[in-house]
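> Take a look at the letters that make up each chain.
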Amino acid sequence: MGLYYITNNTASAVKLSDIPVVEYVELYNDLKERMSNPRFHVGHYFATEIENGLKFYMLILDDESGEVLITSFIPDYYTRTLASLTAIHQQFHPFEREIHELYGVPFDNHPWLKPLRFPHDRRDHESTMESYPFYTIEGEELHEVNVGPIHAGIIEPGAFRFICDGEQVLHLEIALGYQHRGVESEMLRNQNRLRQTLIAESIAGDTAVGHATAYAELLEKLTSVDIGDDLRRERLVAIELERIAMHLADTGALGTDIAYQLYQVVCEALRTVTINTSQAWCGNRFGKSLIRPFGSNHPLTEAKIELIRKNIADVRRRYDELRTDILEAHTLLARFEQCGLVPKAEMERIGGVGQAARASGVRRDIRTTHPSGYYAVGVTHEPILKHDGDVMSRLATRLDEVLQSADYIEKVLSTYKPTEGNIAKPDYEAKLEGDCLSFSLIEGWRGEICHVALTDAEGNIAKYKIKDPSLHNWLGLAIAVRTEGISDFPINNKSFNLSYCGHDL
Amino acid sequence: MFFQKVKILRSHGSQYIPDLDAVTLTEEFRGFPLLTDTEDKSDLERAAKICPTGAITTKPLTLDMGKCLFCGECQKCAPKNIKFTNEHRLAATRREDLVVHAGQTAPKFDTSAIRPDIAKYFGKALELREVSAGGDCSVEMELNATGNVNFDFGRFGVGFTASPRHSDGLVLTGPISSNMAEALDICYNSIAEPKILVVAGSEAVSGGLYADSPAVDRRFIDKYHVDLWLPGAPTHPLCFIDGITRLRKKQK
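So the protein sequences, as listed, match chains A and B.
My numbering applies: residue 1 is where the first sequence begins, and numbers increase by one.
My numbering applies: residue 1 is where the second sequence begins, and numbers increase by one.
Just so you know, these hints were derived from the structure itself, not from any lab.
Fair warning: there could be bad hints in the mix.
In the DSSO-like style, the derived pairs of lysine-lysine whose C-alpha atoms are separated by at most 27 Å in a straight line are [said to hold, decoys possible]:
#, chain 1, residue 1, chain 2, residue 2
1, A, K425, B, K249
2, B, K49, B, K83
3, B, K83, A, K304
4, B, K76, A, K304
No experiment lies behind these values; they were computed from the predicted model shown.
Work the whole structure out from these sequences, hints included.
Take a look at the structure:
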């Protein structure tokens, strides 16, 4: 048996006994080499308590072959320290920080072993939000600007500390954890799977469809049920609707920040049309209640298909008019171009994912690299790449992705003839395969969502780990604002629009 | 460039809803639930069992909208007993009024619980400070939407402000994460009297899915007087607008 069990995003769950248990030092040496190649990045890495210690699991994604490499290790109880992978490949930093924070595992040479989110079950309760060890630089010319946890607008809390030389930002450090609700432990409070689905929808309310789909696919992989192409189609429509709605919100928010009112109000109006379309489909503007394991309570009807096609065609046309204007507006380009640069190499180094990574030219999109659902059978996705890695590129990916998503919806729905009973009712009782590891990878509007669950011998979920793309990308924002004027922070922040609750869990 | 802007404006047309009170939401929207008691309780018991937040009691039949996440699954289990209507005006002035009883035909909004000061001080203008304490960002986005081109709540003198020092009240969202509890308290106490407290979203009203989480600290809710309770997952912008509008009305 090699170092990894090799699988992909459409295969069924993996028997725990099939996952190699390797020596950490061997894994370390392999990763040292392997992760220098940007085709690989870490999908998930976590520890779980076993008798007399901890067992670690790691998922490595190969963007070229579409493979997912799974491995595990159990460090010897007496070998207390692990050599830090972050020290050689910085993309590991949030994962090692999380493991350290929860279990006190020391990582040798970790350059930034700071608290990640101050979870309720952290090892060290002396470590509190108030005592977060912010980085400081000495110097008479420098000053610090502290923002948060409560911000000026109606957004979630987080503490941002800038070290500035005059107006110029030298360093930004983002301290999160204010939104920690105990999502992963609440997932295990009981085995009520409707409750688990609703928790998944609440991981990040703006990505309700994305995270609920991740939960549903994870469960489905633990059974032999085939959900059918019609349900896969409807899930694709749901997640692309969510992508359109949120890209519209972010396009509009960037308009707000540069006081370009026409652009702001048009996006507000178009987002309303989009989310009201979700509401007309399932009763909720954010698509909550739409995605359920093994089936749906809201199968599409002819009338609803007609409505979605009509509204999305209208949104597409009007957004395209705005897009033309945005690309010509020199006052806007003057603010957005060459601002908040994150070069491709930097994005790869920090393990950036999703729309922000694509804006830096990193070809990372689960719909292409590890497709599942209808992307694996009916729609061949080609990611939209930009190359400058600035605010404008992050806006430009959105400008194109909205049109692309609208085209997918039209493509899927124009040939879709739903028949009575083609889609099953949701199933919250299905028997799950025991002693397995199941994972799901979904390209949400922000990027790569990864859920991992371990089942016990009876097929109950015994461990549930969630990764929102924000976990990778928060560092990208901190890097983007270096050397920029502090007044450009808002447009940089909006160009990423990362999730606080999805990070804090 | 100029012509492109004209083109955009023409497509944009007029967006604002002239009479916010006259809006009826789509049939699919799940708002106020109608409850009917039956001899046979078996469907109801299944519904109560699957309800993720324990919002339903069977003897007597009640549904607590403050706990309800409006997922609609109970209606699938017990269609004879529970039917969600598209009534979005769900605001209550007292927490217990969010509990719906069998046979009740409309949400209960008890004007006698409104402090007379509210209409006097905030009848013409009301600026609010929003604090998210573990909110999942959906209620927050809906509160932002109240000021957008469609709803334009600002035309009635209601808006959100950056500083608690400039505000007349606080709108709380989220189940109140322990890590945010202190900042929330400081913010509330930074608002000068007289002030109001509004709780938006079922997660803020009851804790929702996180009511029993060890990472949540809900002492804030017991400590201060809440003027307006707004259920929903998330609270619909029109539910917020309707609740605030009725709260500010002069009582006869």
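> Each hint needs a verdict: does it hold in this structure or not?
Verification of the hints:
no. : hint              : result
1   : K425(A) x K249(B) : violated, 45 Å
2   : K49(B) x K83(B)   : holds, 17 Å
3   : K83(B) x K304(A)  : holds, 21 Å
4   : K76(B) x K304(A)  : holds, 20 Å
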